[in-house]
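Novice: Here is how the chains run, residue by residue.
There are 4 protein chains.
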Amino acid sequence: MDPLKESILTQIIRKRPEESHKGTFGRAVLVGGSQQFGGAILMAAQACVYGGTGLTTVISDPVNRSALHARVPEAMFVDWHRSDWIDSVTESADVILVGPGLGESKDNFDLLQRIVTHQKEHQWLVIDGSAITLTAKYPMTFPYPDQVVFTPHQMEWQRLSGLPIAEQSEAHNQQAREKLGSIVVLKSHRTQVYGAQSVENPLGTPAMATGGMGDTLAGIITSFLAQFERSEETVHAAVYLHSLIGESLAKDRYVVLPTQISDALPRFMKQYS
Amino acid sequence: MDPLKESILTQIIRKRPEESHKGTFGRAVLVGGSQQFGGAILMAAQACVYGGTGLTTVISDPVNRSALHARVPEAMFVDWHRSDWIDSVTESADVILVGPGLGESKDNFDLLQRIVTHQKEHQWLVIDGSAITLTAKYPMTFPYPDQVVFTPHQMEWQRLSGLPIAEQSEAHNQQAREKLGSIVVLKSHRTQVYGAQSVENPLGTPAMATGGMGDTLAGIITSFLAQFERSEETVHAAVYLHSLIGESLAKDRYVVLPTQISDALPRFMKQYS
Amino acid sequence: MDPLKESILTQIIRKRPEESHKGTFGRAVLVGGSQQFGGAILMAAQACVYGGTGLTTVISDPVNRSALHARVPEAMFVDWHRSDWIDSVTESADVILVGPGLGESKDNFDLLQRIVTHQKEHQWLVIDGSAITLTAKYPMTFPYPDQVVFTPHQMEWQRLSGLPIAEQSEAHNQQAREKLGSIVVLKSHRTQVYGAQSVENPLGTPAMATGGMGDTLAGIITSFLAQFERSEETVHAAVYLHSLIGESLAKDRYVVLPTQISDALPRFMKQYS
Amino acid sequence: MDPLKESILTQIIRKRPEESHKGTFGRAVLVGGSQQFGGAILMAAQACVYGGTGLTTVISDPVNRSALHARVPEAMFVDWHRSDWIDSVTESADVILVGPGLGESKDNFDLLQRIVTHQKEHQWLVIDGSAITLTAKYPMTFPYPDQVVFTPHQMEWQRLSGLPIAEQSEAHNQQAREKLGSIVVLKSHRTQVYGAQSVENPLGTPAMATGGMGDTLAGIITSFLAQFERSEETVHAAVYLHSLIGESLAKDRYVVLPTQISDALPRFMKQYS
Numbered sequence: 681m682d683p684l685k686e687s688i689l690t691q692i693i694r695k696r697p698e699e700s701h702k703g704t705f706g707r708a709v710l711v712g713g714s715q716q717f718g719g720a721i722l723m724a725a726q727a728c729v730y731g732g733t734g735l736t737t738v739i740s741d742p743v744n745r746s747a748l749h750a751r752v753p754e755a756m757f758v759d760w761h762r763s764d765w766i767d768s769v770t771e772s773a774d775v776i777l778v779g780p781g782l783g784e785s786k787d788n789f790d791l792l793q794r795i796v797t798h799q800k801e802h803q804w805l806v807i808d809g810s811a812i813t814l815t816a817k818y819p820m821t822f823p824y825p826d827q828v829v830f831t832p833h834q835m836e837w838q839r840l841s842g843l844p845i846a847e848q849s850e851a852h853n854q855q856a857r858e859k860l861g862s863i864v865v866l867k868s869h870r871t872q873v874y875g876a877q878s879v880e881n882p883l884g885t886p887a888m889a890t891g892g893m894g895d896t897l898a899g900i901i902t903s904f905l906a907q908f909e910r911s912e913e914t915v916h917a918a919v920y921l922h923s924l925i926g927e928s929l930a931k932d933r934y935v936v937l938p939t940q941i942s943d944a945l946p947r948f949m950k951q952y953s
Numbered sequence: 681m682d683p684l685k686e687s688i689l690t691q692i693i694r695k696r697p698e699e700s701h702k703g704t705f706g707r708a709v710l711v712g713g714s715q716q717f718g719g720a721i722l723m724a725a726q727a728c729v730y731g732g733t734g735l736t737t738v739i740s741d742p743v744n745r746s747a748l749h750a751r752v753p754e755a756m757f758v759d760w761h762r763s764d765w766i767d768s769v770t771e772s773a774d775v776i777l778v779g780p781g782l783g784e785s786k787d788n789f790d791l792l793q794r795i796v797t798h799q800k801e802h803q804w805l806v807i808d809g810s811a812i813t814l815t816a817k818y819p820m821t822f823p824y825p826d827q828v829v830f831t832p833h834q835m836e837w838q839r840l841s842g843l844p845i846a847e848q849s850e851a852h853n854q855q856a857r858e859k860l861g862s863i864v865v866l867k868s869h870r871t872q873v874y875g876a877q878s879v880e881n882p883l884g885t886p887a888m889a890t891g892g893m894g895d896t897l898a899g900i901i902t903s904f905l906a907q908f909e910r911s912e913e914t915v916h917a918a919v920y921l922h923s924l925i926g927e928s929l930a931k932d933r934y935v936v937l938p939t940q941i942s943d944a945l946p947r948f949m950k951q952y953s
Numbered sequence: 681m682d683p684l685k686e687s688i689l690t691q692i693i694r695k696r697p698e699e700s701h702k703g704t705f706g707r708a709v710l711v712g713g714s715q716q717f718g719g720a721i722l723m724a725a726q727a728c729v730y731g732g733t734g735l736t737t738v739i740s741d742p743v744n745r746s747a748l749h750a751r752v753p754e755a756m757f758v759d760w761h762r763s764d765w766i767d768s769v770t771e772s773a774d775v776i777l778v779g780p781g782l783g784e785s786k787d788n789f790d791l792l793q794r795i796v797t798h799q800k801e802h803q804w805l806v807i808d809g810s811a812i813t814l815t816a817k818y819p820m821t822f823p824y825p826d827q828v829v830f831t832p833h834q835m836e837w838q839r840l841s842g843l844p845i846a847e848q849s850e851a852h853n854q855q856a857r858e859k860l861g862s863i864v865v866l867k868s869h870r871t872q873v874y875g876a877q878s879v880e881n882p883l884g885t886p887a888m889a890t891g892g893m894g895d896t897l898a899g900i901i902t903s904f905l906a907q908f909e910r911s912e913e914t915v916h917a918a919v920y921l922h923s924l925i926g927e928s929l930a931k932d933r934y935v936v937l938p939t940q941i942s943d944a945l946p947r948f949m950k951q952y953s
Numbered sequence: 681m682d683p684l685k686e687s688i689l690t691q692i693i694r695k696r697p698e699e700s701h702k703g704t705f706g707r708a709v710l711v712g713g714s715q716q717f718g719g720a721i722l723m724a725a726q727a728c729v730y731g732g733t734g735l736t737t738v739i740s741d742p743v744n745r746s747a748l749h750a751r752v753p754e755a756m757f758v759d760w761h762r763s764d765w766i767d768s769v770t771e772s773a774d775v776i777l778v779g780p781g782l783g784e785s786k787d788n789f790d791l792l793q794r795i796v797t798h799q800k801e802h803q804w805l806v807i808d809g810s811a812i813t814l815t816a817k818y819p820m821t822f823p824y825p826d827q828v829v830f831t832p833h834q835m836e837w838q839r840l841s842g843l844p845i846a847e848q849s850e851a852h853n854q855q856a857r858e859k860l861g862s863i864v865v866l867k868s869h870r871t872q873v874y875g876a877q878s879v880e881n882p883l884g885t886p887a888m889a890t891g892g893m894g895d896t897l898a899g900i901i902t903s904f905l906a907q908f909e910r911s912e913e914t915v916h917a918a919v920y921l922h923s924l925i926g927e928s929l930a931k932d933r934y935v936v937l938p939t940q941i942s943d944a945l946p947r948f949m950k951q952y953s
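Protein chains in written order, with our numbering: chain A, 681 to 953; chain B, 681 to 953; chain C, 681 to 953; chain D, 681 to 953.
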């Protein structure tokens, strides 16, 4: 399996065009954050904003509004009980991330399904966390499966693909991903990305093994898809940079907090643009 | 069109007089922040406080109180359902900013109209965001139009002036602004300010093209009008400094967050006072 | 009038005794923060905690709890509707600050009066902001007036003393303060402290003339009284240090935010202990 | 009594294994934070997350959710009125900390008892603050007392052991701790840890004597037990590091805030791993 290389960053992270406005850099919508897991969607939102997305909107439980704005006032907020607002916001989105801290209730499923079935022709979806589990439990048809990125860890991949962890070999994973027709970011000690190509991330450090790191990765992938070309290479760049920053920060930290990765994003991206 | 120059900063940013108190540096009132767009008014408030305003009060939906005080305890807060408090606070204001994250509901319009029709002889208004759209939709008479600053982006200017974006030439814009009788800060790649003079901002970077940057600019304009001479040159200085800080921070950042501009304000202003 | 000198800092800020616990450094209770002025009590609380107080409790409107804990989790919180909790907390306090952002309603007055009339023999009170105005409006008897510090600005001092601002000469102020029998910190361009001695603060900068600066001063005075000897010299030290830090930060800032003073407190205090 | 030595840190803080995931570094659950003392559980949570715990969940009053996520979005949150959620979260925990800001009501006791009586065979409990007082008042049987760490200050130890402070000699303390069969961290000027061995912490500074410092220590102990071997030596390492960081920060600070200790944890731990 080919290793990802640093050159993917300079390839994908373009210099921002001089004549531009915030719309030029995409509209991202992030859906998640139950009453129990609100921090997850907050961390995804910070990653998405600090990654350079033009406009970021969070759809979440209203108990999470105050903390979101205390941390990331740059993001807009939609109460997920307001289905009228949800439709108007998701319709114009370039990329929709569903899953960080979503939960697995009936309401959560309905919201996921509403977004999936309304996927637009030029719209990409990133399916993370409990949204993966829900997708595995209640199979649904994605209108544009090749514009969908799944970001499972190994157990979630088992649920989604039916492959027990011990049988998650490269060949099996590639077969399963072809059946899905989507891009799969299989998170582990050495994260692998399955798509037209199969690549492995040579970076990563155990200092990054802490709650919220996956939510942050999902936010960076969403941010990159919102502003750069929508392709699997862009997903590669997001995966690589997330680990590169983590390794860099881990040089003098025993544990790297997810929010520290996001804080560092603008400076690291500058070096590769 | 004349370019703005750095000298506008030393011209406007005065050394604070030794014998002074917070009242010397103006009373600003900021109106906006619905349940969906609360971050906008928070960012405007931070810009206003960090710009050196003596007293800053935010009038907003109560769901935004906690996040405001977590970020900017220096600002006071008025629940926008309390019309008795609104009147007493706006009456003594030197400058009132209406619009960041306001929304376009009937209630929002009523609040805007209440403030516009009560404009005092020495009071300046800054009309931003959805307040511009509301002004375009339901024309209203400003008691002192020459003490009003509109801060539209091109689409909002189209709504307000009737000029399609393709026809927003300098001559047309100047005509439209004369009809309004106000100052117009037309935000774009190279922001232009129309008033008695027409000037263009030579600064700005695509790293600043991200949600909330306009709210922050509106907050700086408000802050400058609150404490310096109330004139179009003061608006020029605010526009110029906003971009100057953005360019400076963009030297090592791929994207500049609006709140980072505000954080940097006190140090940059010091250099020009 | 004698100027305050730097030596007051080394005289008052003692080296903390090796054998000690948080109780050694005093119990402070801060009362204030209405729904409109919550930021004021938050800023006072931060100053009180960062000044080295052993235990700090805030009594305020419950809408202010979240923002307080987001900024200063070190402080405890009591909902000011819970009179049972208020009594148990104030009873054991060494110093009680009343006023930052309190408001002037009947409920506010009742709370102030409850605290004033229950002043204990070894308990000091700091009366700030709207609590001064309430005291002026509805005169009340302090059980131990010589253990009370008033921190008016000139207009509040006019209300409290009956002296119009133009007549607030040193002689008149000293007379008025003798009638009160308390310590008066008269805040202005050059703050004066009236007590057994009359002293003037030679420090201070217009960069400090911004909303919340007085709340922060009140918090530092409270903190110093909680942990050092309870005397007017301790008030002098608090006043002097507040301005010393402000001047220092103003060297490269056009405006100094109140919370920046508090952030800097532990490092400045270290230099004088 | 043997003094703790710096070597305990290198002995306990292991290099994180390359092949790992967040589960490798333990599941911690923290229970506390009433409406009055919410900051305590927030500070414990920050210490637990920044100490490197894989997954941290806070069980608390819902009024504390917003401030927790504004400060530590990495932690998950469970409303302590939801007994169904509490059971599912505590069941899978490796370590449960009960006590920071818990309060002493009947409901608080019921929650404590529920957790104590359900202690699993491989589960450690850390009993702090008001949970110690409740344990003293209403004795309960711990299923695995040797997997329980009590963290009393001297007055709480008096309540728990029946030993008046004046009689808390090493011999008496050791006897009392043997009766309990647990580990006792007796906090004071020189903290002592009683277990199979009795050791004394030679570090500590009066700059650490401020509200919340004990909550932070409890969070670090919990974090270390969650990810390192569950043993009394691990408790020793947590106690030693907490004071080591405090002493280091106190070199240029008059008072060290608890949250500053937590912020510094990842860099200090790196030096010893």
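One thing to keep in mind: the hints can contain errors.
All copies of an identical chain are treated as equivalent in the list; a pair is satisfied when it fits inside any one copy or across any two copies.
[Claimed, not checked] For lysine-lysine, the following DSS-like pairs were computed, each having C-alpha atoms within a straight-line distance of at most 30 Å:
1. Lys786 with Lys702
2. Lys786 with Lys859
3. Lys950 with Lys817
4. Lys931 with Lys702
5. Lys931 with Lys685
6. Lys695 with Lys786
7. Lys817 with Lys702
8. Lys950 with Lys786
9. Lys800 with Lys931
10. Lys695 with Lys685
11. Lys695 with Lys817
12. Lys931 with Lys859
13. Lys950 with Lys859
14. Lys695 with Lys931
15. Lys817 with Lys685
16. Lys931 with Lys817
17. Lys786 with Lys931
18. Lys786 with Lys685
19. Lys695 with Lys859
20. Lys685 with Lys859
In case anyone wonders, no lab produced these hints; they're calculated from the structure.
Computed from a predicted structure; not experimentally measured.
Novice: Determine for every hint whether it applies to the structure shown.
Specialist: For each hint, the structure was consulted:
no., hint, verdict
1, Lys786 with Lys702, "between (35 Å within a copy, 28 Å between copies)"
2, Lys786 with Lys859, "within (26 Å within a copy, 50 Å between copies)"
3, Lys950 with Lys817, "neither (41 Å within a copy, 41 Å between copies)"
4, Lys931 with Lys702, "between (35 Å within a copy, 19 Å between copies)"
5, Lys931 with Lys685, "both (20 Å within a copy, 25 Å between copies)"
6, Lys695 with Lys786, "neither (43 Å within a copy, 42 Å between copies)"
7, Lys817 with Lys702, "between (38 Å within a copy, 24 Å between copies)"
8, Lys950 with Lys786, "neither (42 Å within a copy, 44 Å between copies)"
9, Lys800 with Lys931, "neither (43 Å within a copy, 37 Å between copies)"
10, Lys695 with Lys685, "both (19 Å within a copy, 27 Å between copies)"
11, Lys695 with Lys817, "neither (42 Å within a copy, 38 Å between copies)"
12, Lys931 with Lys859, "neither (40 Å within a copy, 45 Å between copies)"
13, Lys950 with Lys859, "neither (37 Å within a copy, 44 Å between copies)"
14, Lys695 with Lys931, "both (28 Å within a copy, 13 Å between copies)"
15, Lys817 with Lys685, "neither (35 Å within a copy, 53 Å between copies)"
16, Lys931 with Lys817, "neither (40 Å within a copy, 48 Å between copies)"
17, Lys786 with Lys931, "neither (43 Å within a copy, 48 Å between copies)"
18, Lys786 with Lys685, "neither (41 Å within a copy, 54 Å between copies)"
19, Lys695 with Lys859, "neither (36 Å within a copy, 40 Å between copies)"
20, Lys685 with Lys859, "within (27 Å within a copy, 58 Å between copies)"
In this structure, the earlier hints numbered 3, 6, 8, 9, 11, 12, 13, 15, 16, 17, 18, 19 are contradicted, and the remaining ones agree with it.
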